[in-house]
Amino acid sequence: MQQEARIQEAQLSSQTMAVKLGSPLRQLWQTNLEVFQRDRMAAFGLFIFIFFFLVAVLAPFIAPYDPLEVVEQDGVWLSNKRPFWMEDADEPVQFILGTTNVGRDIFSQLVYGSQTALLVGFSAAITVSVIGTVVGLIAGYYGGWIDMLLMRLADVAFGIPFIPFIIVLSAFLDPSVWNVVLAMSLLLWRDSSRVVRSQVLVIKEKAFVSAAKVSGASSLRIIFMYIAPSILPLTFLYGSLAIGWAILTEASVSFLGFSDPESVSWGFMLQDAFLSLALSRGAYYWIIPPGLCIMLTVMAGFFIGRGYEEVLFPRLRRH
Amino acid sequence: MSLLSVRNLCVNYKTERGTVHAVDGVSLDVAEAQHLGVIGESGCGKTTLLRALVRVLPANSVIPQGEVIYKGRNLLALSPAEMREIRWKEIAMIPQASMDSLDPVQRVGQQLERLLVVRGGYDQRSAKTRAVDLFELVGLEAKRLSNYPHEFSGGMKQRAVIAMALALSPSLLIADEPVTALDVIVQHQILDVLRRLQDELNLTMLLITHDISVVAQVCDSVAVMYAGRIVEQASAETFFAAPSHPYSLGLQQAFPNVMQAKDTLITIEGFPPDLHQPPTGCRFAERCPFVEDRCRATDPQLELVGSKHLAACLRSAEMADLRVAAQDPALWKRSLVGQQYQTVEMPPINGGTSAAAQLNGEEVLVEMKSVSKRYKIGGGLAGLIRGQGEQTIYAVNDLSFKLRRGESLGIAGESGCGKSTTGKLLVKLINPSEGQIIFDGKDLAELPEDELLAFRSRVQLMFQNPFEALNPRFTLYRSLAEPLMIHGWRDEGQRLERIVDTLNRVNLRPAEMFLNKYPHQLSGGQLQRVVLARALVLHPDFIIADEPVSMLDVSVRAGILNTTKRLTKEMGLATVYISHDLSLLRYTCDHIAVMYLGYMVEYGPSDEIINNPKHPYTQALVAAVPLPDPSLVNPPLRIREGVPRPTDLAQGCPFVERCPEALEACRSIMPSRIAIADKHDVLCHLYGEHADSPKLTPAASEQPA
Numbered sequence: 001m002q003q004e005a006r007i008q009e010a011q012l013s014s015q016t017m018a019v020k021l022g023s024p025l026r027q028l029w030q031t032n033l034e035v036f037q038r039d040r041m042a043a044f045g046l047f048i049f050i051f052f053f054l055v056a057v058l059a060p061f062i063a064p065y066d067p068l069e070v071v072e073q074d075g076v077w078l079s080n081k082r083p084f085w086m087e088d089a090d091e092p093v094q095f096i097l098g099t100t101n102v103g104r105d106i107f108s109q110l111v112y113g114s115q116t117a118l119l120v121g122f123s124a125a126i127t128v129s130v131i132g133t134v135v136g137l138i139a140g141y142y143g144g145w146i147d148m149l150l151m152r153l154a155d156v157a158f159g160i161p162f163i164p165f166i167i168v169l170s171a172f173l174d175p176s177v178w179n180v181v182l183a184m185s186l187l188l189w190r191d192s193s194r195v196v197r198s199q200v201l202v203i204k205e206k207a208f209v210s211a212a213k214v215s216g217a218s219s220l221r222i223i224f225m226y227i228a229p230s231i232l233p234l235t236f237l238y239g240s241l242a243i244g245w246a247i248l249t250e251a252s253v254s255f256l257g258f259s260d261p262e263s264v265s266w267g268f269m270l271q272d273a274f275l276s277l278a279l280s281r282g283a284y285y286w287i288i289p290p291g292l293c294i295m296l297t298v299m300a301g302f303f304i305g306r307g308y309e310e311v312l313f314p315r316l317r318r319h
Numbered sequence: 001m002s003l004l005s006v007r008n009l010c011v012n013y014k015t016e017r018g019t020v021h022a023v024d025g026v027s028l029d030v031a032e033a034q035h036l037g038v039i040g041e042s043g044c045g046k047t048t049l050l051r052a053l054v055r056v057l058p059a060n061s062v063i064p065q066g067e068v069i070y071k072g073r074n075l076l077a078l079s080p081a082e083m084r085e086i087r088w089k090e091i092a093m094i095p096q097a098s099m100d101s102l103d104p105v106q107r108v109g110q111q112l113e114r115l116l117v118v119r120g121g122y123d124q125r126s127a128k129t130r131a132v133d134l135f136e137l138v139g140l141e142a143k144r145l146s147n148y149p150h151e152f153s154g155g156m157k158q159r160a161v162i163a164m165a166l167a168l169s170p171s172l173l174i175a176d177e178p179v180t181a182l183d184v185i186v187q188h189q190i191l192d193v194l195r196r197l198q199d200e201l202n203l204t205m206l207l208i209t210h211d212i213s214v215v216a217q218v219c220d221s222v223a224v225m226y227a228g229r230i231v232e233q234a235s236a237e238t239f240f241a242a243p244s245h246p247y248s249l250g251l252q253q254a255f256p257n258v259m260q261a262k263d264t265l266i267t268i269e270g271f272p273p274d275l276h277q278p279p280t281g282c283r284f285a286e287r288c289p290f291v292e293d294r295c296r297a298t299d300p301q302l303e304l305v306g307s308k309h310l311a312a313c314l315r316s317a318e319m320a321d322l323r324v325a326a327q328d329p330a331l332w333k334r335s336l337v338g339q340q341y342q343t344v345e346m347p348p349i350n351g352g353t354s355a356a357a358q359l360n361g362e363e364v365l366v367e368m369k370s371v372s373k374r375y376k377i378g379g380g381l382a383g384l385i386r387g388q389g390e391q392t393i394y395a396v397n398d399l400s401f402k403l404r405r406g407e408s409l410g411i412a413g414e415s416g417c418g419k420s421t422t423g424k425l426l427v428k429l430i431n432p433s434e435g436q437i438i439f440d441g442k443d444l445a446e447l448p449e450d451e452l453l454a455f456r457s458r459v460q461l462m463f464q465n466p467f468e469a470l471n472p473r474f475t476l477y478r479s480l481a482e483p484l485m486i487h488g489w490r491d492e493g494q495r496l497e498r499i500v501d502t503l504n505r506v507n508l509r510p511a512e513m514f515l516n517k518y519p520h521q522l523s524g525g526q527l528q529r530v531v532l533a534r535a536l537v538l539h540p541d542f543i544i545a546d547e548p549v550s551m552l553d554v555s556v557r558a559g560i561l562n563t564t565k566r567l568t569k570e571m572g573l574a575t576v577y578i579s580h581d582l583s584l585l586r587y588t589c590d591h592i593a594v595m596y597l598g599y600m601v602e603y604g605p606s607d608e609i610i611n612n613p614k615h616p617y618t619q620a621l622v623a624a625v626p627l628p629d630p631s632l633v634n635p636p637l638r639i640r641e642g643v644p645r646p647t648d649l650a651q652g653c654p655f656v657e658r659c660p661e662a663l664e665a666c667r668s669i670m671p672s673r674i675a676i677a678d679k680h681d682v683l684c685h686l687y688g689e690h691a692d693s694p695k696l697t698p699a700a701s702e703q704p705a
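So the protein lines, in turn, are chains A and B.
Every letter in the first sequence is one number past the one before it in our numbering, and letter 48, counting from 1, is 48.
Every letter in the second sequence is one number past the one before it in our numbering, and letter 571, counting from 1, is 571.
Derived by calculation from the structure, the hints in this document are not laboratory data.
Predicted, not measured: the structure shown is a model, and the values here were computed from it.
Some hints could be false.
Calculated cross-link-like contacts (lysine to any residue; reagent style SDA-like; alpha-carbon spacing at most 20 angstroms) [unchecked claim]:
hint, chain 1, residue 1, chain 2, residue 2
1, B, 517, A, 31
2, A, 213, B, 240
3, A, 213, B, 402
4, B, 428, A, 216
Derived coverage of chain B by chain A (criterion: at least 3 residues anywhere in the stretch with Cβ under 8 angstroms from a Cβ of chain A; other residues may be distant) [to be verified]:
hint, stretch
5, 454 to 466
6, 619 to 630
Computed footprint of chain B on chain A; a stretch qualifies when at least three of its residues, placed anywhere within it, have a C-beta under 8 angstroms from a C-beta of chain B [unchecked claim]:
hint, stretch
7, 205 to 216
8, 226 to 235
Every residue gets a Cβ at the ideal spot worked out from N, C-alpha and C, and that includes glycine.
Let the hints inform the model, and build the full structure from the sequences given.
What follows is the structure, given as structure tokens:
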């Protein structure tokens with residue numbers, strides 16, 4: 001009986017095998033899926049990202065005005081209007097979150113700000129984690145003078161203070177949100193490359209890597225087929241943390257006034273509010289929403305990062 | 001009156017998949033001054049039982065019922081504070097891998113004295129004298145008290161741990177695998193210490209191990225554990241003379257005995273049942289060759305089968321006949337799981353042994369010509385700052401041997417003797433610093449790129465740890481297909497055919513069932529078969545097996561060895577086995593090379609090396625192997641433990657520091673290779689022109705107290 005069942009199972013599996021063969025990618029996908037299934041916080045983080053992504057894509061349809069447009073009525077700027085629930089009911093034009101001191105619609109700015117935030121966040125995260133992973137893989141696998149060179153470069157990157165670096169960079173280049181992305185990709189690969197390198201050092205000593213060498217696998221094959229798949233969750237972890245960092249950095253740089261005046265971001269909104277003394281006027285509706293948005297996206301990045309951490313280091317899960 | 005008595009003890013673990021009944025109704029009595037050995041393979045609940053006795057179980061465990069009566073008190077009913085008083089003062093425990101439990105930043109003596117002051121109520125001065133006494137008791141010099149743990153060798157650490165366990169004069173000592181992972185000479189000496197403690201302190205001891213030889217050497221009674229239960233309990237003499245449970249029969253025959261050569265070993269295939277839902281009948285039924293229908297229905301209880309001899313088997317009345325029948329390895333294949341691993345005749349490859357036999361004595365496949373391997377450590381900027389110059393590690397020195405097709409060579413020695421380095425040299429994972437390695441007429445160092453790839457398909461390495469040797473992210477099919485893909489097998493159908501054929505050869509059947517599995521879904525024994533299959537999938541000419549079974553349970557070791565041995569014959573392979581275990585090498589190899597500090601000190605036919613060892617080091621290695629027979633006590637060794645670091649190239653004989661027979665000449669003159677008999681070489685002055693040199697004063701070769 002048992003024997004028969006086994007043979008049946010075997011036949012079944014050989015039929016389905018064609019589909020299942022060659023599955024490291026599929027397994028990676030499963031790891032990712034597992035993160036969000038297992039961890040509600042991570043799922044919540046993902047939800048926040050999806051939400052802002054939709055907002056960013058649909059911004060032209062959601063926002064009632066252009067973010068830099070000065071709303072006028074009969075040639076008069078509708079400046080310093082309060083949100084609709086605070087404003088007199090007899091005002092002719094109602095704003096969801098009021099207007100700035102030059103009459104720009106705050107809600108529209110908020111909506112368009114998500115575009116900048118996500119653009120900066122994701123492009124910085126991708127460049128940082130890709131550079132970091134590749135540098136870490138190469139340094140860790142080859143060792144010797146290559147490792148020496150790359151890690152000393154990382155040391156240099158560690159030695160450069162981040163925000164001043166961006167300010168200097170913006171002084172040389174035209175002000176643009178891409179400065180933040182550029183600065184982050186130039187500097188922040190240092191963390192992920194260090195971590196990836198140390199992990200590579202561990203994995204490359206494992207017997208299955210030696211086994212691959214003995215059967216004649218080339219270095220590239222070993223790096224990308226054997227070592228990289230084990231490293232990728234780590235890359236995702238650093239990527240998701242970098243999203244938060246990038247958005248935060250963009251906000252700080254904008255707040256310091258080094259951003260592109262033609263593009264709207266949440267940091268830019270905060271700076272605008274700060275310079276026009278919104279606080280002293282009690283215009284919380286101008287300050288809190290962009291602050292909240294920054295907080296939410298940064299938090300989303302960290303929640304997802306935490307989820308990966310728990311899958312990567314299962315020991316944390318026990319407690 | 002027994003000192004410790006366990007009554008119907010159960011321990012459960014709560015896991016994601018339900019409750020594991022790790023210990024399921026164990027009753028035991030340990031009398032004063034008794035030395036009880038608990039044996040069984042991993043996953044049988046030995047360690048859980050032990051930890052339940054001192055109540056140091058993990059947080060997800062529950063003890064639903066049972067009593068642990070120690071000196072009339074039920075330990076399970078004590079408050080945590082009362083229990084703390086019992087631990088160490090009354091019951092001391094040496095946990096598994098306890099060598100690493102010494103605090104690395106405190107001097108060993110300090111740790112011991114602090115323990116004595118804090119827990120034992122000693123004052124500073126008496127603690128110091130007590131520490132000295134304890135160190136002497138376990139055979140360590142008193143000056144060693146001021147050392148840090150990293151200055152100790154493995155054996156010394158284990159001695160120190162034993163000293164700490166004994167510090168508060170406990171009545172009961174519990175040791176979990178106290179000699180596992182130690183080199184055979186160190187192991188022998190630790191067993192010596194344990195034996196001496198029994199005599200000197202009248203200590204009661206509970207010892208857990210998977211190695212029945214250890215039990216035979218140290219214990220006076222035995223309990224066999226299987227699947228959370230005790231299946232047999234007897235005095236050591238009775239147990240070894242007349243085992244009365246099929247599992248014990250298997251265990252006793254499962255491992256090669258260094259003194260008795262055998263053609264085929266017995267293997268208990270399979271693994272213990274899943275204790276989430278233990279089987280209703282006899283728990284061993286699935287793996288038992290004597291199984292009958294009633295075994296699956298009735299759960300056998302422990303019954304008296306002789307004087308003070310308990311066994312839980314429904315067929316214990318016929319045990320005398322079963323004992324005789326159990327000698328036959330073929331019988332063990334008849335169990336339900338055993339059938340899976342039944343060897344099926346398959347056509348030989350490359351002409352198999354017959355082709356190899358024709359070439360035998362003619363064609364040398366692999367030859368090492370005075371190969372040396374040195375590593376440089378330290379030095380550089382960091383070394384300069386630490387004030388250490390560059391040091392050279394002489395891992396392999398002047399190694400030469402020839403290996404023909406169909407031949408097998410065993411390389412033996414303690415850890416650090418260069419045997420694994422030799423393995424790596426042979427597969428060209430590293431390159432020699434000096435000398436040549438010739439494979440099939442070509443120097444490995446000068447292989448061009450394309451021939452190197454061809455070489456890679458002809459030489460394979462079988463790894464020590466099957467749990468690490470397979471990529472955890474690949475299915476088994478993928479792992480086995482990798483070598484084929486690298487060597488240009490583009491056709492998926494052909495690859496599949498070859499892989500299925502190879503899996504069948506290593507007795508993983510039906511092969512299709514394993515293809516889509518991941519490594520973590522297999523047991524250690526199955527994994528090692530996959531590792532073997534990967535080594536064989538390209539039909540190589542030469543394989544190197546580095547400690548092929550050291551990570552596996554005793555019960556399945558034999559299965560792997562049998563399969564490897566059969567396949568190397570079937571495929572006409574040249575094989576190198578690397579192992580610290582002489583009995584294993586004797587079983588698998590034609591020749592054995594003994595290495596010490598990178599030198600090959602003796603080389604000869606396996607039987608010669610075991611029965612007639614010439615080099616004092618080989619003699620010590622052979623004498624140190626524990627024998628699975630309580631009536632034979634290993635003779636005391638005359639050699640010191642601990643391999644020195646090979647940082648200096650010895651001027652004279654490398655072994656002189658530890659040699660009990662050292663001569664004056666050994667200090668200054670490097671011995672040359674001396675042929676004792678046909679194909680039996682030894683690197684020792686005792687047999688050469690300097691044999692009449694005066695004996696060295698014992699100061700250098702004396703063993704510590």
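Outcome of the hint check:
{"no.": "1", "hint": "B:517 x A:31", "verdict": "17 angstroms, holds"}
{"no.": "2", "hint": "A:213 x B:240", "verdict": "46 angstroms, violated"}
{"no.": "3", "hint": "A:213 x B:402", "verdict": "25 angstroms, violated"}
{"no.": "4", "hint": "B:428 x A:216", "verdict": "11 angstroms, holds"}
{"no.": "5", "hint": "454 to 466", "verdict": "holds (count 8)"}
{"no.": "6", "hint": "619 to 630", "verdict": "violated (count 0)"}
{"no.": "7", "hint": "205 to 216", "verdict": "holds (count 10)"}
{"no.": "8", "hint": "226 to 235", "verdict": "holds (count 3)"}
Going down the numbered hints, you'll see the structure goes against 2, 3, 6, while the others check out.
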